[in-house]
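> Chains as they are written, first to last, in our numbering: chain Z, 241 to 664; chain B, -4 to 407.
I should point out that these hints are in silico values taken from the structure, not numbers from a laboratory.
The structure displayed is predicted, hence computed values, not measured ones.
By construction, the Cβ of each residue, glycine as well, lies at the ideal position given by its N, Cα and C atoms.
Treat the hints with care, as some may be off.
Listed next, the stretches of chain B that the computed footprint assigns to chain Z, with coverage defined by at least 3 CB atoms under 8 Å from CB atoms of chain Z [unchecked claim]:
#1 121 to 128
#2 171 to 183
Short derived list, chain B residues pointing at chain Z, Cβ under 8 Å [said to hold, decoys possible]:
#3 P19
#4 D283
#5 K302
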Amino acid sequence: MINRTIAPEFRSIEEISLLQPTHRLLDNGIKLYVVDAGEQELVRLEFIFNNVNWDVSRPLQAYATNALIIDGTSTLSSYQISESIDSYGAFIQPEYSFDYSSLTLYTLSKHLDNVLPVVREVLTDAIFPQEELDTLIRTQKQKLTVSLEKNDVITRRVFNHSLFGDSIYGYSIEAEDYDRIDRDQLLDYYKKAYQPENCVIIASGKVDELTISKINRQFGTGWSTSIEFQKNVFSFPQTKGGVFFTEKPDSLQSAIRIGQISVVRSHPDFPALQFLNTVLGGYFGSRLMANIREDKGYTYGIGSAQVSLQNAGYFLIASEVGSDVCSSTLTEIEKEISLLKTTLIPQEELELVRNYMLGSFLGSLENAFSHAEKFKSIFLSNLDYDYYSRYIQVIKSISSDELLQLANKYWNFDGFNKVITGKK
Amino acid sequence: MVKFDRFTLDNGLTVLVHEDPTTPMAVVNILYDVGARDENPSQTGFAHLFEHLMFGGSVNIPSYDEPLQRVGGENNAFTSNDITNYYVTLPAVNLETAFWLESDRMLSLAFSEKSLEVQRNVVCEEFKQRYLNQPYGDVMLMLRPLAYTKHPYMWPTIGKELSHIENANIDDVKAFFKKHYNPNNAIMVVGGAVKTEEVKRLAEKWFSDIPSGDKYHRDLPQEPIQTSARRITHHSDVPVSAIYIAFHVPSKNDQGYYEADLIGDILSRGNSSRLYSNLIKDKKMFTDINASLTGSSDPGLLIIDGKPSDGVSMEDAEAAIWDVLNQLCSEHVPEVELSKVKNKIESTMVFAEMSLLDKAMNLAYFEVLGDADALNKETDRYLKVTAEDIRVRAQSIFRKENSSTLLYLSNS
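Just chain Z, same shape as in the assembly (with noise of 0.2 Å):
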């Protein structure tokens, strides 16, 4: 009989490899970054372009241009762009965030030469028809009015207000805001902005020599930059400990979103600070999850983040609760966060989140698209691989001493803004 009570032996993470893109650039000068790896015969191209020009009284102006660049082009409908990229099973996602707008292509390799000449013509000639733009306004804002029916919607709009002001980081979006958009502001914001000048590709999956040559062909020839832009500049208005409620008296519960602006990737503590994050907040094993949810069992989840954007990090602990818990939780987090501040992590605990993290680092390189996610991180944050390796010796290496004086160095529950949506 096996004794079951003994777990067996294991291994700690020793090696974690990570798959290096190289670097070319294309003949009009665009940066190309190429993960050339794994089996299927499939290829997904990344266009990046980072947002300019924020103007506060047009905050629509970058994800509109962005959610419209597919909706047709001088020679394309938008009906005729759709069609020619789903027959050959393809797939095209503009995506919208705070510091980049993207297009994403997804293709089998065999399909290369029937679609990238659509995706050429989207980067390069798209004419924003008004008719798109009325669909676009009319859905969204029926959209929008649905979403603020949602307690974890508005609380963090208020919290990310709260933070970043009327940044792009923290503006409110209004329905009146969709009202403002016109064509010429996309168009405007087009030229602008999906500049070669402007754009990195990323090309993950099989990607040879001669889809090297392919993609040079389409969009590293007959596109060049002609027009200046102004990269968005930041202010913020840093409100401290501010407590913003807003009641929903019929809630069965209460969104919380609690925080503050924090430090970017680039900065030394950061790797130490998803450490403790994680501790807290960063996996189902947490302090939070354990106490919050597994003892108490007042949510269904809770958790924490370190997010680093271009411009400005910030730390949060997100949940929703029933409304009659509510305040009960807010005293437990409080409890949790004091505790790191006080008294140091037990070295079991601090073992298990090392390898933990360790493990869940290299579960997160499964494939190609991956490898790409993981330098597109660093790239956009101005690093290197040699934050990676830095990152995993942190995690390797860190003590509890110099977790509780990270704690004390960054975290003050006084300091953070409070968000609550629903009944306190």
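The hints should help you fit chain B onto chain Z, whose structure is shown.
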């Protein structure tokens, strides 16, 4: 093509192995052949609540999560109307830890009262978060019992109501375990940087002494053929009215399922799909419209959901949806359009092969349906569908007497 080896232990546990040397990780996926459809109608939501309790410690190991996290592993689980599926990903060098943990909870749970009490609360909060405290969150709580009058698909996995979860007691938990959590009612898939021989050795070592229980024989009430249109109207404090129409479609094992799935794609996959281009772009009658399949083991549903634009009456909106559906019944879908949705399916299958966990889960699910190798034949089942098949299938699905309509009207 997802290759695998298969063997069965004497106690009835089926094990599939998918060797994938391109990763340093391993996946252990265990599917128990029990879902919300196997519940007692007065104790709904139990299979899902039980899934939570599987993390509350087993007979020899007080905590499931901790030892797994300690070796760099992660895990989760989900419950559907058909199955309960648990999965672990961990560095392949520590594979044995997953065998140790999974075999102990298949052997027996700790059945802790404290765990039951806490998880009842957690699941009630989940119920509120996903179904009750969300605009339109309760739609499936109304649409399922409208479409199903006999079959247990009439309730969602979360359960019919909070009280069913609140009333669950430890004897129910023990009985459920005894009935469903037996090796002969489970399928284990091990994938990644593993070798079949090693998996065999570990499976024998950790699982072979678990006694096989009585085989559960599923004998569910079948849903009678629907003979007349059903409809309900619900008023709610949502900002926008919505319409939902559910149609009965064949089960996943039936070729008709693949026809229905392609019909769903023709209707609503991508911006060139029919509902989108017709009703949102051209006629501007909707701001949002989708078609989706429940994709279940027993005959499931194809559901159309839409939100009409401001100023469009529900009557006109509904008629416009039927116009699009009727066209599929009367005219052959053009060859270009059919090959478009087929190509999309084909490439989706290739992309899905990039994820080890997806491969493992799919193998387990097709095995429980009858044969894991059906995963590799799925693309062919889509490709052989003809335009005439689509028309005939559309005619059998899109009939008023096969429809259940929910008008979800805004109070404002």
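> Are the hints correct? Go through all of them and say.
A quick look at each hint next to the structure:
Residues of the segment 121 to 128 of chain B with a Cβ under 8 Å from some Cβ of chain Z number 6, which satisfies the need for three, so the listed coverage holds. Counting residues of the segment 171 to 183 of chain B whose CB lies closer than 8 Å to any CB of chain Z gives 0, so the stated coverage by that chain is violated, three being the minimum. About 6 Å separates the beta-carbon of P19(B) from the nearest beta-carbon of chain Z, less than 8 Å, and the hint is met. Checking D283(B) against chain Z by beta carbon gives a least distance of about 7 Å; that is within 8 Å, so the hint holds.
This hint holds: K302(B) has a C-beta 7 Å from the nearest C-beta of chain Z, less than the 8 Å allowed.
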